[in-house]
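From first to last, the protein sequence lines stand for chains U and D.
For the first sequence, position 43 matches number 43 in full-length UniProt numbering, and the numbering has no gaps at all.
For the second sequence, position 201 matches number 201 in full-length UniProt numbering, and the numbering has no gaps at all.
Calculated from the structure, these hints are not laboratory results.
A portion of the hints provided could be inaccurate.
Unchecked claim - To spell it out: a stretch of chain D is covered by chain U in this simulated footprint if at least three of its residues, at any positions, have a beta carbon under 8 Å from a beta carbon of chain U; those stretches are:
hint	stretch
1	108 to 116
2	135 to 149
3	162 to 169
4	181 to 187
To be verified - Incomplete in silico selection of chain D near chain U, CB under 7 Å:
hint	residue
5	I172
6	S176
7	I190
No experiment lies behind these values; they were computed from the predicted model shown.
Even glycine gets a Cβ: it sits at the ideal position worked out from N, Cα and C.
Protein chains: 2
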Amino acid sequence: MVNSRAGRPPGPSQVRDRLIAAGTRQFMERGYDRATVRSIAQEAGVDHAMVNYWFGSKEGLLRAVMDVLITPGEVIDRVLARRPADLATALLTAAVSLWDRPEVAAGFRALLREGIDEGPGHRLVQEYIGRRLVARLEEVIGGRDAAARAAAAAAIMSGLLLTRYVLRIEPIARLSGDEVVRACAPSLRIALEGSRPRPRPRDA
Amino acid sequence: MVNSRAGRPPGPSQVRDRLIAAGTRQFMERGYDRATVRSIAQEAGVDHAMVNYWFGSKEGLLRAVMDVLITPGEVIDRVLARRPADLATALLTAAVSLWDRPEVAAGFRALLREGIDEGPGHRLVQEYIGRRLVARLEEVIGGRDAAARAAAAAAIMSGLLLTRYVLRIEPIARLSGDEVVRACAPSLRIALEGSRPRPRPRDA
Numbered sequence: 001m002v003n004s005r006a007g008r009p010p011g012p013s014q015v016r017d018r019l020i021a022a023g024t025r026q027f028m029e030r031g032y033d034r035a036t037v038r039s040i041a042q043e044a045g046v047d048h049a050m051v052n053y054w055f056g057s058k059e060g061l062l063r064a065v066m067d068v069l070i071t072p073g074e075v076i077d078r079v080l081a082r083r084p085a086d087l088a089t090a091l092l093t094a095a096v097s098l099w100d101r102p103e104v105a106a107g108f109r110a111l112l113r114e115g116i117d118e119g120p121g122h123r124l125v126q127e128y129i130g131r132r133l134v135a136r137l138e139e140v141i142g143g144r145d146a147a148a149r150a151a152a153a154a155a156i157m158s159g160l161l162l163t164r165y166v167l168r169i170e171p172i173a174r175l176s177g178d179e180v181v182r183a184c185a186p187s188l189r190i191a192l193e194g195s196r197p198r199p200r201p202r203d204a
Numbered sequence: 001m002v003n004s005r006a007g008r009p010p011g012p013s014q015v016r017d018r019l020i021a022a023g024t025r026q027f028m029e030r031g032y033d034r035a036t037v038r039s040i041a042q043e044a045g046v047d048h049a050m051v052n053y054w055f056g057s058k059e060g061l062l063r064a065v066m067d068v069l070i071t072p073g074e075v076i077d078r079v080l081a082r083r084p085a086d087l088a089t090a091l092l093t094a095a096v097s098l099w100d101r102p103e104v105a106a107g108f109r110a111l112l113r114e115g116i117d118e119g120p121g122h123r124l125v126q127e128y129i130g131r132r133l134v135a136r137l138e139e140v141i142g143g144r145d146a147a148a149r150a151a152a153a154a155a156i157m158s159g160l161l162l163t164r165y166v167l168r169i170e171p172i173a174r175l176s177g178d179e180v181v182r183a184c185a186p187s188l189r190i191a192l193e194g195s196r197p198r199p200r201p202r203d204a
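Produce the complete structure using the sequences and hints provided.
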């Protein structure tokens, strides 16, 4: 199965995306030491020199993978640590400024490609979004129907990512970051709080 | 380019998805008559007998493609023709009952796979969602910032599709259709109406 993608000639940005996807899978499944530059390149169906070309080293690839896998969770943690008065706006502002970095969008594109097809990549994406993001959000917002509200919030954030960054649908792709935050914040706020407003934590 | 995918051995459900994606592209680009069963199967990288196996005939494949491509637009048209008091709930109810049909989710999965990679499939998905769905919604909701509100609404619908039907993230994947409508309707309503409620059309 390792070389199942080798027949499809990859373009330059696909090489990078596929190395991130293969690196993600191998680092998660084998651990950093046992996942070699060669095994990752082989799984991605590209020459192993491409790892150095795109990431400098195996460690550089790990940083790229972690950026993609870990940062969104850190964004939630960082935003929550500030106990913002308006959690929706704070989350959206943090997410948009992160996702506007081209390499993050490319990483999500790679992960989404994994997530659509069946296989280990699919389960990885499911578990990462489900456990690390939705479950964390559910814990934080609490209260009645927290699971359904966290799910609705995750759908909104995922939909923003899909339409603006992956599919680049107009007009959302050409709005400024501020306009996106303004357009989506009311919906995200309702998802997080439920339709009857609850008292919100204030800035200390 | 026609055979660029032939090196990746497709599983059974991928065969169907890829025939729908190839059929979509060829019907749109060449028209129904010039797109042959052979050319579509060749582009999908599968034997042409698979068209009859999965769809009965070229016409059956066209119906499957149209189901995927046209029905969501028809759903909007049908919902709007009724002038529902609660447009958000009506749209979500219609969409969820449509998307809960497994073959529709499979078609969207194929289109999304196209949409993620660069190429004609990407542009097709962009144009379809952007022009047929978002622009139609913008026209219908009207008023200040209609484009941004239509974009936010499209992000919510796309995010629901992605998290529940394509990635099957928990808990949204296991909620009942009614629970999904209840969880997402307040957010979609705010997106469609803006944060200050506007007078809504009533049922005749």
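task: Could you check the structure against the hints above and give me the numbers of any it violates, in ascending order?
output: The structure breaks only hint 6.
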